Amino acid sequence: MPITFHLKRPPTVPLEAEVLSPDVVGSLTNSEIRSLTVYHGKRQLPLSEFFDVEGEQSDDLVFHGALNKVRWVGRAMSRGSITVHGDVGMHLGAHMSGGRIEVHGNASDWVGGEMKKGLIHVHGNAGGQVGAAYRGSNIGMKDGVILVDGSAGLEVGMRMRRGTIVIGGPARDFVGLQMKGGTIVLLSGAEIRTGAWMNRGTIISLQPLQLMPTFACSGVQNPVFVNLYSRFLQSWGIHLPFAASEGVYRQYRGDLAVSAKGEILIWQPA
Amino acid sequence: MIRITGGKVYDPANGIDGEIKDLCIDDHGKFVASVSGGRTIDATGMIIFPGGVDVHTHVAGGAINFARAMTPEDHRRTQAFMRTKTRRSGLGGMAPTTFATGYLYAGMGWTTVNEAAVPVLSARHTHEELADIPIVDKASLTLMANNEIMLDLLEQGEFERAKQVVAWYLWAAKSYGIKAVSPGGVAAWKWGKDAKQLTSPIAGYDKLTPGDIVTQLARICDEMGLPHPMHLHCNNLGAPGNIATTLDTLKHLEGRRAHIAHSQYHAYGGDGWDTMRSETTQLAEYFNTHPGITTDAGAVVFGDTVTITADGPWQHLLYKLTGRKWGNLDVENETGCGIVPYTYRPSNLVNAVQWACGLELLLLIRDPWQVFLSTDHPNGGCFWRYPEIIQLLMNADVRKECLQKIPDRIKSSMVLPEITREYTLSEIAVAMSAGPARALGLKEKGNLGLGCDADLVIYESDPDVLKMFGHPRYVIKAGEVVIEDGDIREAPQGKEFLVKPAYDPATDEFMRPLFEDHYTMSFENYPVEFERLEHPELRDCIPVTER
Amino acid sequence: MGGKVTCTLGEVKQRADFIIYWGGNPAECHPRHFTKYTIMQKSRFLPRGRKDRTMVLVDIRETKSAKAADIFLQIRPGKDFELITILRALIKGQPVADEQIAETGLSRAVVDDLIARMKRAKFGCMFFGMGLSMTRGKHMNSAALLCLAAEMNAFTKFVAMPMRGHGNVTGADVIMRWQTGFPFGISFNRGYPRYNPGEFSTVDVLVRGDCDAAFIIGADPGATMPQPAIDHLARIPTIVLDPHVTHTSRIARVHITTAPQGIAAPGTAYRMDELPMPLKPALKSPYPSDEEVVRRINEAIARKPFWLPDGRQPQMVATLG
Chain A
7 MPITFHLKRP PTVPLEAEVL SPDVVGSLTN SEIRSLTVYH GKRQLPLSEF
57 FDVEGEQSDD LVFHGALNKV RWVGRAMSRG SITVHGDVGM HLGAHMSGGR
107 IEVHGNASDW VGGEMKKGLI HVHGNAGGQV GAAYRGSNIG MKDGVILVDG
157 SAGLEVGMRM RRGTIVIGGP ARDFVGLQMK GGTIVLLSGA EIRTGAWMNR
207 GTIISLQPLQ LMPTFACSGV QNPVFVNLYS RFLQSWGIHL PFAASEGVYR
257 QYRGDLAVSA KGEILIWQPA
Chain B
34 MIRITGGKVY DPANGIDGEI KDLCIDDHGK FVASVSGGRT IDATGMIIFP
84 GGVDVHTHVA GGAINFARAM TPEDHRRTQA FMRTKTRRSG LGGMAPTTFA
134 TGYLYAGMGW TTVNEAAVPV LSARHTHEEL ADIPIVDKAS LTLMANNEIM
184 LDLLEQGEFE RAKQVVAWYL WAAKSYGIKA VSPGGVAAWK WGKDAKQLTS
234 PIAGYDKLTP GDIVTQLARI CDEMGLPHPM HLHCNNLGAP GNIATTLDTL
284 KHLEGRRAHI AHSQYHAYGG DGWDTMRSET TQLAEYFNTH PGITTDAGAV
334 VFGDTVTITA DGPWQHLLYK LTGRKWGNLD VENETGCGIV PYTYRPSNLV
384 NAVQWACGLE LLLLIRDPWQ VFLSTDHPNG GCFWRYPEII QLLMNADVRK
434 ECLQKIPDRI KSSMVLPEIT REYTLSEIAV AMSAGPARAL GLKEKGNLGL
484 GCDADLVIYE SDPDVLKMFG HPRYVIKAGE VVIEDGDIRE APQGKEFLVK
534 PAYDPATDEF MRPLFEDHYT MSFENYPVEF ERLEHPELRD CIPVTER
Chain C
2 MGGKVTCTLG EVKQRADFII YWGGNPAECH PRHFTKYTIM QKSRFLPRGR
52 KDRTMVLVDI RETKSAKAAD IFLQIRPGKD FELITILRAL IKGQPVADEQ
102 IAETGLSRAV VDDLIARMKR AKFGCMFFGM GLSMTRGKHM NSAALLCLAA
152 EMNAFTKFVA MPMRGHGNVT GADVIMRWQT GFPFGISFNR GYPRYNPGEF
202 STVDVLVRGD CDAAFIIGAD PGATMPQPAI DHLARIPTIV LDPHVTHTSR
252 IARVHITTAP QGIAAPGTAY RMDELPMPLK PALKSPYPSD EEVVRRINEA
302 IARKPFWLPD GRQPQMVATL G
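So the protein lines, in turn, are chains A, B and C.
If you count by the numbering used here, then the first sequence holds residues 7 to 276, one letter each, in order.
If you count by the numbering used here, then the second sequence holds residues 34 to 580, one letter each, in order.
If you count by the numbering used here, then the third sequence holds residues 2 to 322, one letter each, in order.
Honestly, I wouldn't trust all of these hints.
Unchecked claim - Cross-link-like lysine-lysine pairs, in silico, DSSO-like; alpha carbons within 30 Å at most: (1) LYS52(C) x LYS267(A); (2) LYS123(C) x LYS229(B); (3) LYS52(C) x LYS123(C); (4) LYS43(C) x LYS226(B); (5) LYS267(A) x LYS48(A); (6) LYS52(C) x LYS226(B); (7) LYS148(A) x LYS122(A); (8) LYS139(C) x LYS93(C).
Simulated from the structure, these hints should not be mistaken for lab results.
Small disclaimer: the values here were computed from a predicted structure and weren't measured.
The following block holds chain A by itself, in its conformation from the complex:
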């Protein structure tokens, strides 16, 4: 039986609730969970001030309500699952190293910030800095998968090193900024400066992109790994075209300002 959390009243200022993680609540009784400390602004309050909690001792957490101002849900979680029915606030699944998070609603900025492993699936829109490095850090997402069905904001996958990010809707500027590895898939394209200053890694776009001047076309191809990726993403209903009869990928190398080891593949239907 999962533990369910119903939001009783929306916080008036941000509610920092990094305790909402299977690693913290998994072994606790119902009353222990309800007395966990959360921060409403600078005030320490028991979790029960904001949530009705049902169930105990489970690694599966289910949330109901508009959690827009609830931050750090699933921070550094290593196991179990979190399901949110509603919107959720910043830093969802930041630093997580395992388990899965599913949001039936929108998420805010820093979804999966500096995550190490695991899966995050946002069915609505996400904010900026999906899977990104926090300011000053050299390395963003290290591994894992982030799927956003809707749109995403600025700096998706900034400085990521490994792992996969798929954005279903349009993304804004600086997708893959200073990327060092991993793969970003853009099903509906992005605004400008995609792949700026990328060192390594791959960005695949199924829509035309306006590229940085420091990317050079290095030919057309249908790489085998796209096929493998497509199979990997199939279970979430995502299809990457790869058959030569359907079209080709135009390959661009860059960013020449830093190296020419990153690649952007843009799908061109036949």
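Knowing the structure of chain A, use the given hints to seat chains B and C on it.
Just chains B and C, lined up with the frame of chain A:
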């Protein structure tokens, strides 16, 4: 008033080596023969040291503040100091915030620190930061060896005038002494060049060499009678084969007082990064035969840190080697500084040699009154890691264990594996307190004698040296118990030491036109107002010949 | 990647033989910049003053500053980041296609000439204004220029510096850094400083309505911030310290009139190159200084009970190994 009874006292300044002895402190925070009333601390079975003195650290001013801004990722992973009713919040880590700096130093028993690099132009900023470092007493050194007005005077052979100008600058900065960084090298860096040879003229000058600056500035410090001799960061820092430059520099100093900063960075042989080796035996031999000169180790500890130095060319090189962040700030007429985050790794030849060199110097220089504990914070490592170095000095077995992490091919480039010396407690007390206090000319520091400042640290005796020095039982500063059982009890404001060397009043009018030519602020606004210092304490200047 | 390579303005005055202003209009916004620091001054290294210096202005429109420039480069709006990135590639000898360069509004010949001049310079300095730092791309535009300046040091001496706005912005930045470790965008809600621009920066906090009170000193957000931020300021208790009636003071619950800094109140201001300048008041004011008001508020707060119940301490967000 406090009476401390039954403790085993280490007070090398007074030849006391582990005697059971009572100490009494009066209401003015000084040691006295007896007190009646007040608190009694039973220190039976405990060890008492004079409070630590850091002769060379970078804790306040434009450069470290630049480093703070450049390393938010480090601030996030470090332990924070929470705000309480009596304590300000702060962050530790590679470049701690000001309040945290005071708490961290006091927390391990250090009670006096010397900020070793202040450009006059931003001295006002440095003093404001020093005022925000609680508990410890502070001193600061003014950067002088690349000041173009002074260099011009030396080039023209105007020694007397140069001396007046240096004294004028020192009072303008309201600081305690003179720091010389890579003489001529920073001035050359402003054209993207360096000064590596002591006997070749500096870029932009016809005659003046780094060697001339070294000799003449040391003489100026002696003739002005500064309590602390010239504090010298030699040319060619960090470069393989720089031992030749260092020994040459020391020759230029003969007959003068001097303190050589972070000598670990100046004791390398080899002719490239892949042949670099330790030459500490040569350097230690020089110190062993020249008892008048002092140094601090500038030891390196493995791990992350951020390097900060006025040595701009070195920092550009380090940036090119690491490909990481790089900050650089050139200060008009006076100096410059560079900032590069860095990780010292045991598997890296250069880093391993650096680590060994610091310990080797501490162990090979026989007289602990000549070589002091420092990491050139934050360059070789953060000051809060001093207990780790103390452990390595006191325990040859721990050193052996650490050496096991170092690849064999590197071990032949160092002499550390052959050294068996272990520091005694009394020697540690010299290296961390009594020695640096004496070198700084602070007679009432590092000294538990009557009339001296009641700054002391009480440790629980523990065979685990790291634990013992990392977590003192009590720290007392100016007679106040500031740390007790690991908690900060009080955070009083410390003093700031400075000097006012005599200079010809006509120097003002001499400086004015030059100033207007070289600088971009108004002449009247340049000197730091004495009133801006919090708890200043003026110290006397006595020319060396009259001592 | 990251960091800043800079100097004090006196270094520019003494040595800079090549100066670029990017996205700024100093002739109108920093009127003394040319004469005091950058292009008009003579020095021992540049004895002929203006004649020994080359000034390049990069902007999207021809401002008054263009008259003072030796070379004016008019680029297409929103192409700053692209042009700087092209320069970063070209200085390293990486190829960039002519038509890509042309997209920025400049020809290859012009860009090649600019690079040749940059590399020939003995001491180059780039100043950048809000035309760069506050347009699309924001902090990344500034980062791009700082990066270019750092990379130019492989060829010659180069530095970069932001043209800071009015008020003592630099001073606030410097002091926040030494007390908290961060320049701005700081939250103290957990009892210690935490930093995340975008989450804790003032404009974002106000736009999202994340605060329930505001204390404003030395700024007029009511005049510069987006409407949702201003609406939130009007909704919550807002306290303003200002010598004047401002857009913000009009919507504030409390406006405490203070003595103007530098005119009737002493203190220290940090110049854009982070040098502290003492402020010596010329006039007397019947009003208290900002410092005095804040000190008195602080004293009153100190008499109140600690914000957490007795014996409770704030808890750090756990650090990650």
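Here is how each hint holds up against the structure:
1. Under the criterion of a C-alpha separation no larger than 30 Å, the hint pairing LYS52(C) with LYS267(A) is inconsistent with the structure, at around 44 Å.
2. Using a Cα cut-off of 30 Å, the hinted pair LYS123(C) and LYS229(B) holds, with the two alpha carbons roughly 21 Å apart.
3. With a CA separation close to 15 Å, the supplied pair LYS52(C) and LYS123(C) stays within the 30 Å bound.
4. Pair hint LYS43(C) plus LYS226(B) holds up; C-alpha atoms about 23 Å apart against a cutoff of 30 Å.
5. At roughly 46 Å between alpha-carbon atoms, LYS267(A) and LYS48(A) are farther apart than 30 Å, so this suggested pair is violated.
6. A threshold of 30 Å between alpha carbons decides the hint, and for LYS52(C) with LYS226(B) the separation of about 25 Å falls inside it, so the pair holds.
7. The straight-line distance between the Cα atoms of LYS148(A) and LYS122(A) is roughly 5 Å, inside the 30 Å bound, and the hint therefore holds.
8. Straight-line distance between C-alpha atoms of LYS139(C) and LYS93(C) comes to about 25 Å, which keeps the hinted pair within the 30 Å bound.
Checked against the numbered hints above, the structure breaks hints 1, 5 and satisfies the rest.
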